[in-house]
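Asks: Knowing the structure of chain A, use the given hints to seat chains B, C, D, E, F, G and H on it.
Protein chains in written order, with my numbering: chain A, 1 to 251; chain B, 1 to 251; chain C, 1 to 251; chain D, 1 to 251; chain E, 1 to 251; chain F, 1 to 251; chain G, 1 to 251; chain H, 1 to 251.
Source of the hints: derived by calculation from the structure; they are not laboratory data.
Do not rely on the hints blindly, as some may be mistaken.
No more than 25 angstroms apart at the CA atoms, straight line, and that leaves these computed lysine-lysine pairs for DSS-like [stated by the list, open to error]:
1. 251(C) x 161(D)
2. 251(C) x 113(D)
3. 251(E) x 251(F)
4. 113(D) x 113(C)
5. 251(E) x 82(F)
6. 251(H) x 113(G)
7. 251(B) x 113(B)
8. 251(A) x 161(B)
There are 8 protein chains.
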Amino acid sequence: MNVQELLLGVQQNKINIEDAEAYLKSLPYQDMGFCKLDHHRELRSGFGETVYCSGKTVEHLVKIYESFALRQSNVLGTRATKAQYEAVKEVVPIVEYDEMGRTLWLQFENIEKTGEVAVLTGGTSDIPVAEEAARTAEYFGCRVNRIYDVGVAGIHRLLSKVDEVRRANCVIAIAGMEGALGGVVAGLVERPVIAVPTSIGYGANFHGLSALLTMLNSCAEGLSTVNIDNGFGAGYMAAQINRLGVEGGRK
Amino acid sequence: MNVQELLLGVQQNKINIEDAEAYLKSLPYQDMGFCKLDHHRELRSGFGETVYCSGKTVEHLVKIYESFALRQSNVLGTRATKAQYEAVKEVVPIVEYDEMGRTLWLQFENIEKTGEVAVLTGGTSDIPVAEEAARTAEYFGCRVNRIYDVGVAGIHRLLSKVDEVRRANCVIAIAGMEGALGGVVAGLVERPVIAVPTSIGYGANFHGLSALLTMLNSCAEGLSTVNIDNGFGAGYMAAQINRLGVEGGRK
Amino acid sequence: MNVQELLLGVQQNKINIEDAEAYLKSLPYQDMGFCKLDHHRELRSGFGETVYCSGKTVEHLVKIYESFALRQSNVLGTRATKAQYEAVKEVVPIVEYDEMGRTLWLQFENIEKTGEVAVLTGGTSDIPVAEEAARTAEYFGCRVNRIYDVGVAGIHRLLSKVDEVRRANCVIAIAGMEGALGGVVAGLVERPVIAVPTSIGYGANFHGLSALLTMLNSCAEGLSTVNIDNGFGAGYMAAQINRLGVEGGRK
Amino acid sequence: MNVQELLLGVQQNKINIEDAEAYLKSLPYQDMGFCKLDHHRELRSGFGETVYCSGKTVEHLVKIYESFALRQSNVLGTRATKAQYEAVKEVVPIVEYDEMGRTLWLQFENIEKTGEVAVLTGGTSDIPVAEEAARTAEYFGCRVNRIYDVGVAGIHRLLSKVDEVRRANCVIAIAGMEGALGGVVAGLVERPVIAVPTSIGYGANFHGLSALLTMLNSCAEGLSTVNIDNGFGAGYMAAQINRLGVEGGRK
Amino acid sequence: MNVQELLLGVQQNKINIEDAEAYLKSLPYQDMGFCKLDHHRELRSGFGETVYCSGKTVEHLVKIYESFALRQSNVLGTRATKAQYEAVKEVVPIVEYDEMGRTLWLQFENIEKTGEVAVLTGGTSDIPVAEEAARTAEYFGCRVNRIYDVGVAGIHRLLSKVDEVRRANCVIAIAGMEGALGGVVAGLVERPVIAVPTSIGYGANFHGLSALLTMLNSCAEGLSTVNIDNGFGAGYMAAQINRLGVEGGRK
Amino acid sequence: MNVQELLLGVQQNKINIEDAEAYLKSLPYQDMGFCKLDHHRELRSGFGETVYCSGKTVEHLVKIYESFALRQSNVLGTRATKAQYEAVKEVVPIVEYDEMGRTLWLQFENIEKTGEVAVLTGGTSDIPVAEEAARTAEYFGCRVNRIYDVGVAGIHRLLSKVDEVRRANCVIAIAGMEGALGGVVAGLVERPVIAVPTSIGYGANFHGLSALLTMLNSCAEGLSTVNIDNGFGAGYMAAQINRLGVEGGRK
Amino acid sequence: MNVQELLLGVQQNKINIEDAEAYLKSLPYQDMGFCKLDHHRELRSGFGETVYCSGKTVEHLVKIYESFALRQSNVLGTRATKAQYEAVKEVVPIVEYDEMGRTLWLQFENIEKTGEVAVLTGGTSDIPVAEEAARTAEYFGCRVNRIYDVGVAGIHRLLSKVDEVRRANCVIAIAGMEGALGGVVAGLVERPVIAVPTSIGYGANFHGLSALLTMLNSCAEGLSTVNIDNGFGAGYMAAQINRLGVEGGRK
Amino acid sequence: MNVQELLLGVQQNKINIEDAEAYLKSLPYQDMGFCKLDHHRELRSGFGETVYCSGKTVEHLVKIYESFALRQSNVLGTRATKAQYEAVKEVVPIVEYDEMGRTLWLQFENIEKTGEVAVLTGGTSDIPVAEEAARTAEYFGCRVNRIYDVGVAGIHRLLSKVDEVRRANCVIAIAGMEGALGGVVAGLVERPVIAVPTSIGYGANFHGLSALLTMLNSCAEGLSTVNIDNGFGAGYMAAQINRLGVEGGRK
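The following block holds chain A by itself, in its conformation from the complex (with noise of 0.2 angstroms):
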């Protein structure tokens, strides 16, 4: 029921107005006590639940898997410990794991796979980054086609890989150290490349600071760029950018 037949239920006295004010008030959100479940989300997005799993007490955070697992509604953890998992599976055995990239899921139907996201690294210690940004893009229904270890201090590692980094509907450039991972993918193809600075590194690359900067000041064209280690938030934003590639989008 949306706002206009809300209204028109008021003016045809099918709803009071107490009805109507409560209803537009307890809409959006299942309140918890300790947070607020955001189902309004979902249905804005036609995207399953996520869970930031990490500084979660392990009581709530099975509370809130449990009272998924009830509706039979999917969900996508992030940032989650092996200890978290542990605690989780015992209550709601179906729970799975991916200890690389730290992704804690439910996942009730099979969502088919469809376009394509890639998913590249710089080197082997992005990997995990590289794993939550490619799980969070197959559970939002990504083919997801990952090709690692293709930093640019060896550049014909990633120019033999151009023709199949093409190919995808939207390219992830995950790196850390000096992060020219990024304008390099950015420069060669001609979909858009969601860049993720990794913390990887020592020294004078804070953190993960060097990375970022290098990926917002990159000259290339098509580059945006998400929070240092933010494999998530790029794999979310691919997935939006790989639905309008397959359904298509306004005209």
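Replies: Chains B, C, D, E, F, G and H only, in chain A's frame:
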């Protein structure tokens, strides 16, 4: 002629080895001495040429625009000063200029505008960056909806425009000072949002750093960020995304 | 005895000069060797004592609480670890502790709660800071309304609570990551808003710098900011403001 | 007409649905094309309008003041240059300007000044920021006591003014360089202190960063901070606090 | 033997050229392989040896102290851990250790304490740094007056001690958080003040940066600053200044 | 009349209470409206007056110098522009100005120069800061030895001057760019060294930050640092130290 | 087989097009799934393989060393933990490890050491970085002269070693804290100096930032800088320069 | 005459002690009052003189060039303004100036250019820095190959020049914005690469910080970095390396 054709020609003795080597070297750009015009990128991306005017001497810029005019080729210049515009205009009278967004362009054929990109600003001072973004998106064929001065300090202004914003294939959210617009918008729409921090503000704004960090740290999903004041970068990527929505991509 | 009375006493030879000098020196604090307890502040501000427990040795802390217990004097400690609590409890069994907000207090007489302070958080991870703020405000006599997990990425959650928030004499807005909550709230209410950035987040959050800069740069009116994670500071100032609302001030 | 009345009107068929929707959209601001004047805020806060003049074109500013003059409406502009003042004065001769504090205002009815706000500065170079703060507080109805050049490097100057400072409902402490004034004042009074760092200084001052950090890190209680040089923000919040002291708030 | 004597020896054929060269090379330090002990500095400065223990292996440290013990030579070590102390003590039982200030020393003859250095702290958490400073000054022959917990948030505590502070030849002012103590003290005394910022604090303190900037930007006269937590550096320089006051210098 | 005398006067009814209170308030400074001249400091420190001219209006500055001239009182102004000098000179013709060091002073009686302060610079571009330091030290009665352009990149230049440098009671080491001069000098002399970083340099110098950090981190002993370009601060503290060497202090 | 030979083969029908394409793709690296070993670089640079061990899992590292051992191929690993060493040693017993410099290597044939690289440190705490640099240079065939603990705070230690330092083809200057060693050395020798800032220090050292900025801002000629603690990078580049000195280059 | 000869002379009574002392003091530089010209460095390095013109007064600069002209001595000035050039030219008409690179030089004998240094830029805006580097290398006898506008956003431009770049003894890679050129080039060649970040860019470029960090963090081997915009430093070190390649060094 692509590389496979080239190799075929070599095999069939239609192309000798020296020519093949020379072709591989000279293909992708025209060397003008002081710069290398990248025609390769245009073929690759299907997007017209662009020129970053800032810091270029008037002499160089006039030569570049003259060369495009002779080829009857479209070109979009960004960060052009009025003095640069006037110098180019003397030699290429059909050049057009927008003082607000500092864009300088030649458009020989009319491009049909399709899809939709929404360009939002937090305040009126952000409009120059917004006009750079909007013009860029239009240059690359997007229908653009400008929605200015809808910053979060008076959230009702933004809320009253939500339906319009949701209609777009891609949203550009431009804001200085605290830069919270990007995250709030991304929480309200299902399409990708490109956030542009601006250098508007003073004090602990640190020339846009404040807005940049806000946007990078947003916990809203579906948001990525470009450099401070980089309206062009946002407009370009929005056009890539919009094209996916209009033409579709890999299914 | 104030300074005027002291001078009168000297004039009337009721107080000799050495005593007057000594009094002026010893009045305002009690020197415990390792620290100087500031009783003067309590007289001055009408507010009970507070102790910043972080970094204090267990021995020192026990002595301090013992001394307050002997005087039947209220005291509020902040940033107290569980180990500190347990050590104090052995000697002063009536001491109370809140693990979430890390506050440790003695309250000998019940203080009536008056006025109202609203304490808002952007997410669930901000709750420890919020509990420090809320407990501090309560300790100083405020009625507190906790409204948690209403961050701007899902703006409808906040909007549904606006009436409640507007009722307060003072609002504390606590948020990490992008920290936009402060500015959005200040744009919605007519009472002063104290913004508390938290260190929740990662990457370009830089341990709370991002939220701090957002709050300092907000273009909303009626907003000021305290140090990162400084729930106590916000609670204290909110109590000062609330007291003005309850008791009135200079007309 | 509030939302409940609106819904009642819809129920009673006095208001049709399209009108109700339009009303909800157009209510809160007047769209002038280049900006959206927020009348809603005035109703909400009971405070007159304000305009941030910096960066606005002379043409836009003249139109804005003209519009207020026609409505016989008060308005306070901040960060106005002398050139802006002169341009506005030609069209709206009754406009007033303070060059020191760069404020530009229309005041049609005289507001009675009540309560008291003390405005302190560390040095003489901080006076422009202080005048912006003082004028803002006066515009919103505060009696203001200016106490300038009482920085902590000569602490006796401040100590001799303590009684005056304690009389105020709210204190604004403005200082550049080391910025220690805020913490020292907060240690001496029982009312809330709003600290304003200024950009006065050189070298490791880093344009006010030094004073800002000092104020944020003060261990004095009852202190919060606004952006560097933000006299307006301090004046506004001080007026909110002063109003609570004069009118009382929620008991 | 100084260089003039050496040249004289060479001229008189009492010293051959190879020896002269060797002497010039080997004079100023003893090469222990893993480090070069700088005996030259002791001769030059008239001050005993010091060792920075942090990061040194236990084996190296034991050898160093053993070597000093064999020479019956005083030595002061700073930043020594308790484990280092215990290891040294097994081999050199007369070594002394102060856990609070982390100093580890051998003192074979008693040095008469002369002059006076006042060591002030803002809070109790600054005491470890203060003890490092005080012990260093004492090791180099200063009478030291410790005045702790006199931070500016309760300015009366400091004011009541002003006479004592003024008596010293040199004042060391140690403070974390806002770090305002240095400037306030320098405004109250006529002797040089050495300010030591400490890393005490949290949030926008940035590990002592806040206090460091405050001290560097103080507008008080007669103040200079050493590195964050560098009690040793302050104690050393205070001893140099105190020696000038006791022994006099160039007239 | 000191406080003890005052209290005696009150006891003996020679001074009434109101007068005593007024005296205590008015003693330490002269309020000129726009600023408070701190005569108290002069009495306290035995040092003449100083004025920081930067940012002061010409009108105010002329008034201040006129007031000193009428009192036949010495004064030293720093950071004075040539325009300020010329304006003051019209009213006070005996004022003197040094363009290099931007100092502006009145000296009614000649002060005998005693002791010695050595002022060293790394390069020629550091000379303006050096002249501010040197003039300040001279104004306060120091004999000054200028040793310029002895930076560490050509270490032999410094080494050839070591004997001269060692003769001074206090050394001021001024350097920009890498700022290594301070530490090298402190390693060569036994007197206190005050390091002044300058803003000379470019790029990763960050306006003097590089030299500032170098000086703060020096592992040489007997070194402290003042703000970037703060020649005055160094000269003042050097004069305090030099005075101890000349007059002696507490034994 | 180079590209010209390949094209010749295609022309002569000795190589078919598919093979040519495949060759071009597969040539430069071996894809091990989790990483791509870059054999191309070895051919290109004439230098043996290197592996950055930090962050690699033990399983991956063992596989990599096993693969090199099977090929009887030299390899140098850097930033290897002792645990990594022990795991590799179980499978590849001939592997060698240096705990100080954290290097882990296989060397099947002995390389003659030629030329000379001097490796200097400011203090003893810089030795781990120095050993990484020295071992790297040796691995690539350099004779290495280690000159440790010659920091500028005791400049005579360095001066007595100048002749030795001047003999080298390339100098590596390693220092933490103030980092002045690089500039002083470059001022004393005529060969290129590579400066390595280390993270040794505390407080305003900011984990090596201080030394890094010092080195970048040195006004000495013939100096360039690598990342903080990057001994490997300095050793590698020194080996390239040393090779030019030994073998000669383009005349 | 070297030090051994000097000592020999003293031994043989050919040189008396006073003269020997004086010689040792006066040898290495000429004191011009305002600066000390370092002739010693020239002898030491075999390289001609250089002068950093920025910030020098016209009077001083004219005197310096006049002095070199009288000695018929070559000199290279950097960062010279056109005004400085014109002033010098009036007195020394044979002086030459390059406006692009801001170099100002006297060259009395022609130096044969040998070896090869490749100077690459990412964009056209980097050319001024490149010309400073190229001219410096040429002044010190290098053959220079300029390869401009080959930034990584269009990687094919660089790839087509790889053979040329590999030919050089040393490569200088100059880039602003993201600064990725250095790492990509170092991955393609076997000779040392000196990276020069430039201040070209805007926003999160922070005046070259972005490019600087990128270069310092490159994971490519054989790369070191100089200060932002420091073309001179790169040219000087490249000349040192090139000389090793041409003349050979220690075997």
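Asks: With reference to the structure, classify each hint as holding or not holding.
Replies: Here is what the structure says about each hint:
{"no.": "1", "hint": "251(C) x 161(D)", "in the structure": "holds, 21 angstroms"}
{"no.": "2", "hint": "251(C) x 113(D)", "in the structure": "holds, 9 angstroms"}
{"no.": "3", "hint": "251(E) x 251(F)", "in the structure": "holds, 17 angstroms"}
{"no.": "4", "hint": "113(D) x 113(C)", "in the structure": "violated, 31 angstroms"}
{"no.": "5", "hint": "251(E) x 82(F)", "in the structure": "violated, 35 angstroms"}
{"no.": "6", "hint": "251(H) x 113(G)", "in the structure": "holds, 9 angstroms"}
{"no.": "7", "hint": "251(B) x 113(B)", "in the structure": "holds, 24 angstroms"}
{"no.": "8", "hint": "251(A) x 161(B)", "in the structure": "holds, 21 angstroms"}
Comparing the model with each earlier hint shows violations of hints 4, 5; every other hint is respected.
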